[in-house]
Amino acid sequence: DMKVTQMPRYLIKRMGENVLLECGQDMSHETMYWYRQDPGLGLQLIYISYDVDSNSEGDIPKGYRVSRKKREHFSLILDSAKTNQTSVYFCASSLNRVEQYFGPGTRLTVL
Amino acid sequence: GMPVEQNPPALSLYEGADSGLRCNFSTTMKSVQWFQQNHRGRLITLFYLAQGTKENGRLKSTFNSKERYSTLHIKDAQLEDSGTYFCAGLNSGGSNAKLTFGKGTKLSVKS
Numbered sequence: 006d007m008k009v010t011q012m013p014r015y016l017i018k019r020m021g022e023n024v025l026l027e028c029g030q031d032m033s034h035e036t037m038y039w040y041r042q043d044p045g046l047g048l049q050l051i052y053i054s055y056d057v058d059s060n061s062e063g064d065i066p067k068g069y070r071v072s073r074k075k076r077e078h079f080s081l082i083l084d085s086a087k088t089n090q091t092s093v094y095f096c097a098s099s100l101n102r103v104e105q106y107f108g109p110g111t112r113l114t115v116l
Numbered sequence: 113g114m115p116v117e118q119n120p121p122a123l124s125l126y127e128g129a130d131s132g133l134r135c136n137f138s139t140t141m142k143s144v145q146w147f148q149q150n151h152r153g154r155l156i157t158l159f160y161l162a163q164g165t166k167e168n169g170r171l172k173s174t175f176n177s178k179e180r181y182s183t184l185h186i187k188d189a190q191l192e193d194s195g196t197y198f199c200a201g202l203n204s205g206g207s208n209a210k211l212t213f214g215k216g217t218k219l220s221v222k223s
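These protein sequence lines are chains A and B, in that order. Residue numbering for the first sequence follows my numbering, starting at 6 and increasing by one per position. Residue numbering for the second sequence follows my numbering, starting at 113 and increasing by one per position.
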């Protein structure tokens, strides 16, 4: 059963703290993505990873960085989180950069 | 205009009714995905289409790349169909491929 997992599912942090969101997939997909979703909006692309150590900025990369050291794991890092980074974050993976499979999301609150 | 425009923004149906949702694209898209976001925030993939029409139970989706639109038709609406429906267009294949999401249609099904 194809699966994308995200940890943690819920996180509360204070402004200025560092945040690490983890994503895993068991499908050996090369390409992985990080999105954020804000109320009333669709998902916005933060970063794409084409494979290990091959990452590219999406539409809204400012304030974020990513790490991909193994094909099955893709991390999103917020160094010194800001209150406007409160959002729901979704990870996705894709075999052929066409159809994407999404994780359950992480709800991040920055106080 | 918006690269992906979804209509209507919100829709209210009684159980048993039929209705359709539409996405218009400002540019030619290679493919489209439709998602339902349930009350828990989970994104459920409904369809992936590169062209033509697909059906799954009470749902049917059509994608016309040349005319730059996609539709999702819901037949015999049920309470569990409530949620927000997103379409997302894939702009191209290869290394620049990315999904662009619409803002969603919030569907409420009432008994």
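Everything labelled a hint here was simulated from the structure, so no lab data went into it. All residues carry an ideal CB built from backbone N, CA and C; glycine is no exception. Fair warning: there could be bad hints in the mix.
Said to hold, decoys possible - From the derived model, a few chain B residues whose C-beta atoms are all more than 12 Å from chain A:
(1) Ser138
(2) Asn176
(3) Lys210
Stated by the list, open to error - Here are the simulated DMTMM-like cross-link-like pairs (lysine to aspartate or glutamate), alpha carbons at most 25 Å apart as the crow flies:
(4) Lys218(B) / Glu104(A)
(5) Lys210(B) / Glu22(A)
(6) Lys142(B) / Asp56(A)
(7) Lys142(B) / Glu22(A)
(8) Lys215(B) / Glu62(A)
(9) Lys178(B) / Glu104(A)
(10) Lys210(B) / Glu27(A)
(11) Lys210(B) / Glu62(A)
(12) Lys215(B) / Asp43(A)
(13) Lys87(A) / Glu22(A)
(14) Lys8(A) / Asp130(B)
Stated by the list, open to error - Derived list of chain B stretches under chain A, where covered just means 3 residues or more per stretch with a C-beta under 8 Å from a C-beta of chain A:
(15) 122–134
(16) 154–160
(17) 177–183
Okay, the hints, checked on the actual structure:
no.	hint	result
1	Ser138	holds (14 Å)
2	Asn176	holds (18 Å)
3	Lys210	violated (6 Å)
4	Lys218(B) / Glu104(A)	holds (23 Å)
5	Lys210(B) / Glu22(A)	violated (30 Å)
6	Lys142(B) / Asp56(A)	holds (22 Å)
7	Lys142(B) / Glu22(A)	violated (40 Å)
8	Lys215(B) / Glu62(A)	holds (22 Å)
9	Lys178(B) / Glu104(A)	holds (20 Å)
10	Lys210(B) / Glu27(A)	holds (21 Å)
11	Lys210(B) / Glu62(A)	holds (11 Å)
12	Lys215(B) / Asp43(A)	holds (10 Å)
13	Lys87(A) / Glu22(A)	holds (8 Å)
14	Lys8(A) / Asp130(B)	violated (32 Å)
15	122–134	violated (count 0)
16	154–160	holds (count 4)
17	177–183	violated (count 0)
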